[in-house]
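From first to last, the protein sequence lines stand for chains A and B.
Read left to right, the first sequence gives residues 1 to 190 (my numbering).
Read left to right, the second sequence gives residues 1 to 90 (my numbering).
Check the hints yourself; a few may be wrong.
[To be verified] Facing chain B, according to a computed beta carbon distance under 8 angstroms, are these residues of chain A, among others: (1) G21; (2) N39; (3) F59; (4) A140; (5) Y141.
Calculated directly from the structure, the hints in this document are not laboratory data.
Note that this is a predicted model, so its numbers are computed, not measured.
Glycine included, every Cβ here is placed at the ideal spot set by N, Cα and C.
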Amino acid sequence: MNRAGLAEAAESVIVALAVGGDRDAFCELVARRQSWMRNLLRRLCHDPALADDLAQQVFLKAWRSLPRLRAPAAFGSWLRRLAINTWLGEVRSAPRCAPLPDSDELGDTTAFLLTATEQLDLDRALARLAPDERLCVVLAYHEGLSHGEISAATSLPLGTVKSHVKRGAERLRVLLAAYQVPAQEHAHAG
Amino acid sequence: MPDELDPLLLRRFAQSRAPLADARFVAQVEARLPAYSLRDRLLTALLAALQAGLTGVFTGIAAPLRLRNAGIVALAALGFAVWSIVQSSL
Chain A
1 MNRAGLAEAA ESVIVALAVG GDRDAFCELV ARRQSWMRNL LRRLCHDPAL
51 ADDLAQQVFL KAWRSLPRLR APAAFGSWLR RLAINTWLGE VRSAPRCAPL
101 PDSDELGDTT AFLLTATEQL DLDRALARLA PDERLCVVLA YHEGLSHGEI
151 SAATSLPLGT VKSHVKRGAE RLRVLLAAYQ VPAQEHAHAG
Chain B
1 MPDELDPLLL RRFAQSRAPL ADARFVAQVE ARLPAYSLRD RLLTALLAAL
51 QAGLTGVFTG IAAPLRLRNA GIVALAALGF AVWSIVQSSL
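Let the hints inform the model, and build the full structure from the sequences given.
And the structure:
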């Protein structure tokens, strides 16, 4: 199948072709899934460049592991799990995805506020959550997964997932409110 | 029952989900893809064939055991085998 044909084909067909080693089919999957994957990793990392680097690693791992994919229909959840494991590996091996220190919470406020957008606020607030808590909150709010699905995807006990989502969301609300108040004050002052 | 989520946070996350169309990203991944050699393909095909073969063999072995009264049939077969051996040695 040529690239134009691939662009119009159903994902299940493209996954089946990619499993058989079709490079063009896999590139089509990357094109279709890259935005979703990069957005997910940008919520998990507070550094867009690192998120893109991890996204590339996930796709390369996917290419190597695709022949072992037994259910092409589950490609999306399989890829998500690969992304979670890649991110967890990064968190454990290097501090680049580790939570930002609380002392940085409202540090350099002026510089931050001048470039603040809601998205930056959210990513910055997420970066202050502990990795497991951040992961559960992102999977619940960004990916729309149920607690049970998060438990299955992360291998965390259901009770832990519920607690992480609840506490993480509470902390996120507080952090976002803390960003909004000075931002509004800054806007009024300007 | 769906898990209860904060509507305000849901809105913030929805706003953050901007499409990231980037041909350069796709090109970078494509450039880093290792070649999937003929050897890899043959190995994958061989493993799949081996797996299918073994599945067939084990299914063949296990199928009679799933029959109703399989235990009685097996015992009867064993008895018949013993009786045959005894008969032939006499």
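Against the structure, the hints:
1. G21: Holds. Min distance 4 angstroms.
2. N39: 6 angstroms, holds
3. F59: 5 angstroms, holds
4. A140: At 6 angstroms from the nearest chain B Cβ, A140 (chain A) passes the 8 angstroms test, so the hint holds.
5. Y141: 4 angstroms, holds
Consistency with the previously given hints is maintained throughout, with no hint failing.
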